[in-house]
Amino acid sequence: MSLHIIGELINNAYARARRAWEARDVTGYQTLASLQAAAGAAAINLNLDGTQRVPVRQEEMIAFLPTVIPALQAVTDVPLSFDNPSLGYHRAAIAAYDRSRCRGKPILNSLAASRPELDGMIALIRDHDLRCIVMASEKFLPGGGSGQSLDARDSHETIVRFVDRLVSEANRTLDDIIVDPGLAPVGADTYGLINIGLDTMRRCAEDPQLRGLHFSVGLSNFAWGTPKGIKDQLERAYLTLAERAGLDYALANVEHNATPLPDHDPLVAELAAALEAGRAGPGETTEDAGFRQAEKVMDICNAYLERQEAAS
Amino acid sequence: MPDYAQLNQFLYEGNAKEVERLVREALAENRPVDEVLNDGLIAGMAVVGEDFKYSTLYVPEVLVAARAMKAGMAILKPLLVADAANHPPRGTLIMGTVKGDLHDIGKNLVCMMAEGAGFKVVDIGVDQPTESFIAAARTHQAHIVGMSALLTTTMPYMKVVIDAFQNEPDLAHVKLVIGGAPVNRMFADEIGADGYGPDAPSSVEMFQRFMAAQ
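Quick note, the sequences are listed as chains F and B, same order. No gaps in the numbering here: position 278 of the first sequence is 277 in numbering that gives the first Met the number 0, and each next residue is one more. No gaps in the numbering here: position 95 of the second sequence is 94 in numbering that gives the first Met the number 0, and each next residue is one more.
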């Protein structure tokens with residue numbers, strides 16, 4: 000199994016994307032698309048969200064889609080992944096998208112229990128033969144509404160529910176569905192979300208009805224708040240563990256060698272131990288366990304950086 | 000006299016056991032609870048916040064320091080509660096993620112650091128409608144209400160909350176502040192927020208400024 004990367008560079012969190020947005024410079028976007036395609040991205044994510052540095056309104060994004068999407072398609076036939084929680088964005092994106100210029104299906108990113116326009120999104124997936132990303136980190140509450148999924152059983156239930164709807168109402172195969180099992184920053188994981196995500200993938204692997212489903216995470220979340228010198232390696236160590244659990248996609252920076260570390264790399268075992276330490280024991284809160292995980296992670300960071308310094 | 004500098008250092012290093020020991024020793028020396036809280040714990044967390052802001056400390060270290068702070072607070076809290084009239088918190092803060100949004104990692108970090116700065120923090124959770132913010136502000140006599148959002152589609156709801164507070168004259172004194180990945184100062188100004196927190200330490204500094212101005 001090889002890991003497929005959904006390139007994340009078209010996102011205003013990155014300076015190049017921000018500059019392209021501010022100037023509505025399609026050439027800048029084309030450069031980002033081309034370099035990700037050349038690096039082997041399986042799909043290119045299109046996220047125009049605002050950040051603390053650049054404010055963006057929903058209507059501004061939607062207004063720009065008919066310009067930017069054909070421009071991206073002019074330089075690559077890699078499928079686009081449209082990243083936004085609103086139906087209006089996805090309708091506009093699909094309207095601007097030329098399927099004949101794309102190898103493979105575009106991706107609707109994403110469906111989640113909290114989306115108010117789920118029915119419309121599922122209809123759009125059906126009508127336009129889209130793949131989709133499903134967030135398993137939110138669950139449907141009995142009697143309506145949604146909440147955070149803080150247990151792998153709940154996440155599995157959410158996945159089964161979405162799969163049922165997508166297969167029966169949108170004629171999807173499991174190959175069309177990519178599940179995001181959830182990922183938190185490893186140093187601030189006070190709900191145990193990383194273990195929940197891994198356990199969710201393991202649980203799905205044991206469910207014969209879910210065979211063929213894909214899994215993806217937003218990788219840059221993982222090492223947020225850790226020292227710069229180890230971020231990439233921590234992400235790669237996570238990929239090794241997650242790949243074992245069933246991960247086969249990652250929304251990631253193609254320029255950062257987002258590949259799993261070899262199984263025997265010491266960082267993999269160290270990270271696995273830190274995540275095990277992050278499981279709450281009897282009578283313990285997930286916050287207590289999250290603090291312990293944070294402590295172990297910092298130990299890993301310090302030891303790694305010392306090793307690097309000694310080696311240089 | 001307790002060695003508060005040492006206590007600050009243990010807190011900074013996240014050594015919960017030593018923080019507990021020094022807090023107990025200070026109380027055994029009959030030092031005032033306020034003094035132990037302010038000079039021992041809050042002063043230590045202030046350095047944590049500052050170093051985090053300037054990237055000298057990393058997120059996992061902040062969490063470990065917060066754990067040590069909690070260990071010390073667990074000893075002081077019963078004493079503070081028993082004599083609440085003489086030990087008011089530095090301010091009362093309501094924190095929540097707005098309706099339609101289930102993200103809260105940033106919010107939780109702000110809560111931890113605000114507690115570390117001596118605030119009473121009431122975290123009302125994620126996916127919260129206007130009514131919950133208003134009810135919590137009233138019930139807990141809040142000084143500040145903080146709203147968080149991660150999604151471009153949910154951040155407009157912050158304006159809904161702010162507009163709703165305008166119709167509650169008894170809450171006119173409450174400062175309404177916002178934060179979250181897609182939010183920025185321009186948006187805060189546009190929707191009439193009293194403040195904007197770009198990160199957890201800056202948010203706590205803003206809360207402190209509001210309290211100092213009251």
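Honestly, the hints are just simulated from the structure, not real lab data. Heads up, some of the hints might be wrong.
Stated by the list, open to error - Derived coverage of chain F by chain B (criterion: at least 3 residues anywhere in the stretch with Cβ under 8 Å from a Cβ of chain B; other residues may be distant): (1) 40-53; (2) 73-87; (3) 174-183; (4) 289-297.
Using N, Cα and C, we set each Cβ at its ideal position, and we do this for glycine too.
So which hints don't hold here, by number, going up?
-> Failing hint: just 3.
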